[in-house]
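Enquirer: Construct the complete structure from the given sequences, taking the supplied hints into account.
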Amino acid sequence: MTPPPTDPALLPLAFQNALNAHAADQVLALYTENATMRTVTGEVISGSAALRKEVEQTIAAGPRITNTTRHVLVGDGTALVIVDWNMQTTAPDGNRVTASGTTTNVARRSTDGTWRFTILNPAGTEPVDEADGAPFRSVAHRPPT
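Numbering (full-length UniProt numbering), first residue to last: 1 to 145.
Hint data in this document are derived by calculation from the structure and do not stem from the laboratory.
Wrong hints could be hidden among the right ones.
In silico EDC-like cross-links for lysine to aspartate or glutamate, where the CA-CA straight-line distance does not exceed 20 angstroms [unchecked claim]:
| hint | residue 1 | residue 2 |
| --- | --- | --- |
| 1 | K53 | D25 |
| 2 | K53 | E43 |
| 3 | K53 | E33 |
Distance windows between CB atoms, simulated [to be verified]:
| hint | residue 1 | residue 2 | range |
| --- | --- | --- | --- |
| 4 | T2 | G62 | 17 to 23 angstroms |
| 5 | A60 | M1 | 19 to 25 angstroms |
| 6 | R64 | E43 | 22 to 28 angstroms |
| 7 | L13 | P127 | 25 to 31 angstroms |
| 8 | T125 | V97 | 19 to 25 angstroms |
| 9 | V97 | V74 | 33 to 39 angstroms |
| 10 | L10 | G94 | 30 to 36 angstroms |
| 11 | G42 | T98 | 18 to 24 angstroms |
| 12 | G94 | T6 | 36 to 42 angstroms |
| 13 | N20 | R70 | 15 to 21 angstroms |
| 14 | I45 | L73 | 22 to 28 angstroms |
| 15 | N34 | A91 | 28 to 34 angstroms |
| 16 | H71 | P92 | 30 to 36 angstroms |
Small disclaimer: the values here were computed from a predicted structure and weren't measured.
Glycine included, C-beta positions come from ideal geometry on N, C-alpha and C.
Expert: In structure tokens:
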């Protein structure tokens, strides 16, 4: 397993590579032990068990994500990481769905010099849509026939 990066600006690429490989353990290795996430439905979860469940549910949808780092601001062992993302997943009906947004994450430097996410907020500052629970744009695509 690849260790977490020693540069917080590399966390988005490490996350992208791990998620696209459908490697739950590799994704989870990029989080601190007690990380907190605001999920795409607006639920706030914390701890390794809840994060593993969320990551495994995402992987079950066959994700393909592209991350583009917008800003990384580092100070005193903490980094604010702003990333534009675009992700395709397979919906329960078999259609591919594309979602995009801007994530606002906080990372922390470990004593070994590696960086891990401690707060993950894939919706950034977007409010959660009460109608469908989605804080970002989604477009359904029909599978090829």
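Enquirer: Any of the earlier hints contradicted here, and which numbers?
Expert: Those not satisfied: there are none.
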